[in-house]
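Top line first, the protein sequences correspond to chains U and B.
In this text, residue positions in the first sequence follow our numbering: the first is 37, and each later residue adds one.
In this text, residue positions in the second sequence follow our numbering: the first is 37, and each later residue adds one.
Be aware that a few hints might be false.
[As the list claims (entries may be wrong)] Some chain U residues near chain B, calculated using beta-carbon distances under 10 Å: (1) Ser260; (2) Leu264; (3) Val277; (4) Thr281; (5) Ser313; (6) Val330; (7) Gly339; (8) Phe355; (9) Ser363.
[Said to hold, decoys possible] Output of the computed footprint for chain U on chain B, the stretches with three or more beta carbons under 8 Å from beta carbons of chain U: (10) 85-97; (11) 108-117; (12) 195-206; (13) 271-285; (14) 353-364.
For the record, the hints were derived by calculation from the structure and aren't laboratory data.
Just so you know, even glycine gets a beta-carbon here, dropped at the ideal spot from N, CA and C.
Protein chains: 2
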Amino acid sequence: MAQLLTTEGLAEALERQDEALIAEQVSGLQAADLADFIRQEGQNEAELATRLLSHLPLSERARAFGYLDTGLQARLAHDLSPTALARLLSKMEADERADLFKLVEEDVQEAALRQMASEEREDLRRLASYQEGTAGALMTSDYVAIAQGLTVKQALQAVRSTAPDAETIYQVYIIDDERRLLGTVSLRELILALPEQSMDDLMRSELVTVSVDEDQEQVARQVSRYDLLALPVLDTDQRLVGIVTHDDAMDVAAEEATEDMHKAATIGKLSQGFGSSGLLELYRKRIVWLVLLVFANIFSGLGIAYFEDTIAAYIVLVFFLPLLVDSSGNAGSQAATLMVRGLATGDVRLADWGRHFGRELLVAGSLGLTMALAVSVLGVIRGGPDIALVVASSMIVVVVMGSLIGMSLPFLLNRLGWDPATASAPLVTSIADAVGVLIYFTIATMVLGLPA
Amino acid sequence: MAQLLTTEGLAEALERQDEALIAEQVSGLQAADLADFIRQEGQNEAELATRLLSHLPLSERARAFGYLDTGLQARLAHDLSPTALARLLSKMEADERADLFKLVEEDVQEAALRQMASEEREDLRRLASYQEGTAGALMTSDYVAIAQGLTVKQALQAVRSTAPDAETIYQVYIIDDERRLLGTVSLRELILALPEQSMDDLMRSELVTVSVDEDQEQVARQVSRYDLLALPVLDTDQRLVGIVTHDDAMDVAAEEATEDMHKAATIGKLSQGFGSSGLLELYRKRIVWLVLLVFANIFSGLGIAYFEDTIAAYIVLVFFLPLLVDSSGNAGSQAATLMVRGLATGDVRLADWGRHFGRELLVAGSLGLTMALAVSVLGVIRGGPDIALVVASSMIVVVVMGSLIGMSLPFLLNRLGWDPATASAPLVTSIADAVGVLIYFTIATMVLGLPA
Numbered sequence: 037m038a039q040l041l042t043t044e045g046l047a048e049a050l051e052r053q054d055e056a057l058i059a060e061q062v063s064g065l066q067a068a069d070l071a072d073f074i075r076q077e078g079q080n081e082a083e084l085a086t087r088l089l090s091h092l093p094l095s096e097r098a099r100a101f102g103y104l105d106t107g108l109q110a111r112l113a114h115d116l117s118p119t120a121l122a123r124l125l126s127k128m129e130a131d132e133r134a135d136l137f138k139l140v141e142e143d144v145q146e147a148a149l150r151q152m153a154s155e156e157r158e159d160l161r162r163l164a165s166y167q168e169g170t171a172g173a174l175m176t177s178d179y180v181a182i183a184q185g186l187t188v189k190q191a192l193q194a195v196r197s198t199a200p201d202a203e204t205i206y207q208v209y210i211i212d213d214e215r216r217l218l219g220t221v222s223l224r225e226l227i228l229a230l231p232e233q234s235m236d237d238l239m240r241s242e243l244v245t246v247s248v249d250e251d252q253e254q255v256a257r258q259v260s261r262y263d264l265l266a267l268p269v270l271d272t273d274q275r276l277v278g279i280v281t282h283d284d285a286m287d288v289a290a291e292e293a294t295e296d297m298h299k300a301a302t303i304g305k306l307s308q309g310f311g312s313s314g315l316l317e318l319y320r321k322r323i324v325w326l327v328l329l330v331f332a333n334i335f336s337g338l339g340i341a342y343f344e345d346t347i348a349a350y351i352v353l354v355f356f357l358p359l360l361v362d363s364s365g366n367a368g369s370q371a372a373t374l375m376v377r378g379l380a381t382g383d384v385r386l387a388d389w390g391r392h393f394g395r396e397l398l399v400a401g402s403l404g405l406t407m408a409l410a411v412s413v414l415g416v417i418r419g420g421p422d423i424a425l426v427v428a429s430s431m432i433v434v435v436v437m438g439s440l441i442g443m444s445l446p447f448l449l450n451r452l453g454w455d456p457a458t459a460s461a462p463l464v465t466s467i468a469d470a471v472g473v474l475i476y477f478t479i480a481t482m483v484l485g486l487p488a
Numbered sequence: 037m038a039q040l041l042t043t044e045g046l047a048e049a050l051e052r053q054d055e056a057l058i059a060e061q062v063s064g065l066q067a068a069d070l071a072d073f074i075r076q077e078g079q080n081e082a083e084l085a086t087r088l089l090s091h092l093p094l095s096e097r098a099r100a101f102g103y104l105d106t107g108l109q110a111r112l113a114h115d116l117s118p119t120a121l122a123r124l125l126s127k128m129e130a131d132e133r134a135d136l137f138k139l140v141e142e143d144v145q146e147a148a149l150r151q152m153a154s155e156e157r158e159d160l161r162r163l164a165s166y167q168e169g170t171a172g173a174l175m176t177s178d179y180v181a182i183a184q185g186l187t188v189k190q191a192l193q194a195v196r197s198t199a200p201d202a203e204t205i206y207q208v209y210i211i212d213d214e215r216r217l218l219g220t221v222s223l224r225e226l227i228l229a230l231p232e233q234s235m236d237d238l239m240r241s242e243l244v245t246v247s248v249d250e251d252q253e254q255v256a257r258q259v260s261r262y263d264l265l266a267l268p269v270l271d272t273d274q275r276l277v278g279i280v281t282h283d284d285a286m287d288v289a290a291e292e293a294t295e296d297m298h299k300a301a302t303i304g305k306l307s308q309g310f311g312s313s314g315l316l317e318l319y320r321k322r323i324v325w326l327v328l329l330v331f332a333n334i335f336s337g338l339g340i341a342y343f344e345d346t347i348a349a350y351i352v353l354v355f356f357l358p359l360l361v362d363s364s365g366n367a368g369s370q371a372a373t374l375m376v377r378g379l380a381t382g383d384v385r386l387a388d389w390g391r392h393f394g395r396e397l398l399v400a401g402s403l404g405l406t407m408a409l410a411v412s413v414l415g416v417i418r419g420g421p422d423i424a425l426v427v428a429s430s431m432i433v434v435v436v437m438g439s440l441i442g443m444s445l446p447f448l449l450n451r452l453g454w455d456p457a458t459a460s461a462p463l464v465t466s467i468a469d470a471v472g473v474l475i476y477f478t479i480a481t482m483v484l485g486l487p488a
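Next comes chain U alone, as it looks inside the complex (with noise of 0.2 Å):
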């Protein structure tokens, strides 16, 4: 029965010190569940790393290092000899190899190119130069591209060879003298065809591709778009410098939405996951909104303060303050996280302004009238029926003024180059809460006839 090994095995296995059965429960684990068997040791994760990798073969070791943290693999790195160094990242993905160059230091850098072949040596270089969030930064460079005027015969023959290295295989572009791309070919289609057909008269010519600097959320929505295994990325003059995998575009696709649901609750952006950050960069990210809203929140302050006569002659609206104020910033909130998430999986489209802004007028009107209602029989009870009518007609105004806030604000951030992401929850119930407290005091003393 084809089964999966735990890693219960290993903790066992440690624990009763057994080296030939340490060897062969970490050959039989999948590389993702050897990295997080690691990841949860804590301190002592170098030392684990290093020993448990000791029983793997090159090219297997090479694979499981690209799956540990990124701090923890630049820490092995920095302690392996430049041979052995330049041995490792010979053999991992060139993607892989690219990112973790980057991380560690200069001189180990310039030792362990030194010990390169000269071809591999200038790969790395190039694909450690792409800014970080690029197409360039996320593609890997091995991929099978062949000359045009090939028949399929030749062409398998090429794959065979280029296979041992190559990321995917499953997808082989033709490129020409230049190596500009001409068109792809799937391995689908290749084994398929018959051995003398003309590889140029099988290829697809219309394809999806990407630009090196383009960015890597909309490298990631290409694909899922396309449902493509591998993504052709080119330079600026059309030649084919590598290709980005579906597993690379799935991560980053969970990363960004990771990025917009933490922009959602005003955090910046984490340089690692959750977990492992540091409680410095975590103050640092959460502290900046936090404090700006400290400020934005003034506003409601202010406006509490204009109407103090209203409020010290009926103290009892202040009872129905945070309840208005919220409802408000509520309804916002969630307008603006139906337009945000829309913005990004391309659902809502920024042309789509008028439109939405329609619907929700409507929606947003009958959810005010919903909670007029609930929040009347409240007004009644412990205000009498002069409460209930400012209390009432107060919800039906700062929900929809609530809801055509949080619904614009993201269009209108985009407007301004920004991301739509940032309008955070906290943000548009801060500035709903503001405008809340105005038009409920407004209507009180208006219908209560009090001097404002």
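Using the hints, position chain B against chain U.
Just chain B now, kept in the frame of chain U:
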């Protein structure tokens, strides 16, 4: 040069009513782009879809059909004759076919089934029978499975004969007489191996698999974690019943991220993309929590009412109220979001509650101190040193309390069998608000020496 057709050419062809040009443009477009073009048409999309798809040969038409919105698919399917529908269904991918089948009325289902080959009929019935949101509903039955004991050459022949129908041929599954999964060989290994080599020797038998009733979120997580092209799905007897491919897993991951983001803003699960959701559905998915939160906020109101005397004596305290309670809610939302997303990605484990509680205490303490400094300046300006002392010390306590509540709530909800993502920003804010009101006025009453 490799290039992608844009929909502009199609728009122009339609304007010119040039059927030949329309046909050319339609067949050159990617299915996803064609579906988008139809979606943007709005009202007459059924008519436009029928017209455009008619230019494609059956297999490509079936593929493009699978990219249309499910509502539109159902409408078009309804208008087809049973024979035409059966032909279309038979050319669609098995998983998309089952999805469409579930959408049409029972009499249409029966009529179409009568037109299908018995094997196909059974397959469709089976796939359509799995519950939405499980591995069974996500998987396809179009994969390559071979018996044990074959040579590489025989396996390659089997791959070639299945290739035109299989959704992916890049992973070959080896099964026994009872269809139990024994192992897998990738096409890469297959084309590198010698023709006479035994598949049983070549195959890998430590496999990542999922059960047919596994939650789709878990399925997507496995595909991402192990960088899989396809994930085999087994029934309770360990028989291979399907595979989930990387592209479907990526769609699920995006859907689940959207669902979690919406939940974080108290929006219920939408049955389709936000852009295509009806207004009534949007109302229903938003109103539930908005009304629940109105009642949750009564506690804040009651807290305020309880301290009416304090407020009446020091009306300036109200100025700082929104600022303090919002800060508490904001810090709490940050903490809750970090946990909810961490739990969803597997970065945070339920067993880690204690560790994260300690970390949060340190981070929130520092956040509270910083914000107390910011707010004490305001306190001195608007109320003098006593008020500054009340406001600053309240700030520290409410930020720490809010953060600890936000951080713990997802764990608590999970314990109660709820989705941790229910710990939405507005829910955390409402709880933190009520607690914040109590803390603030209690401290004020103590420091300023007023009767509660």
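- Sort out which numbered hints this structure fails and list those numbers smallest first. 3, 10 and 11
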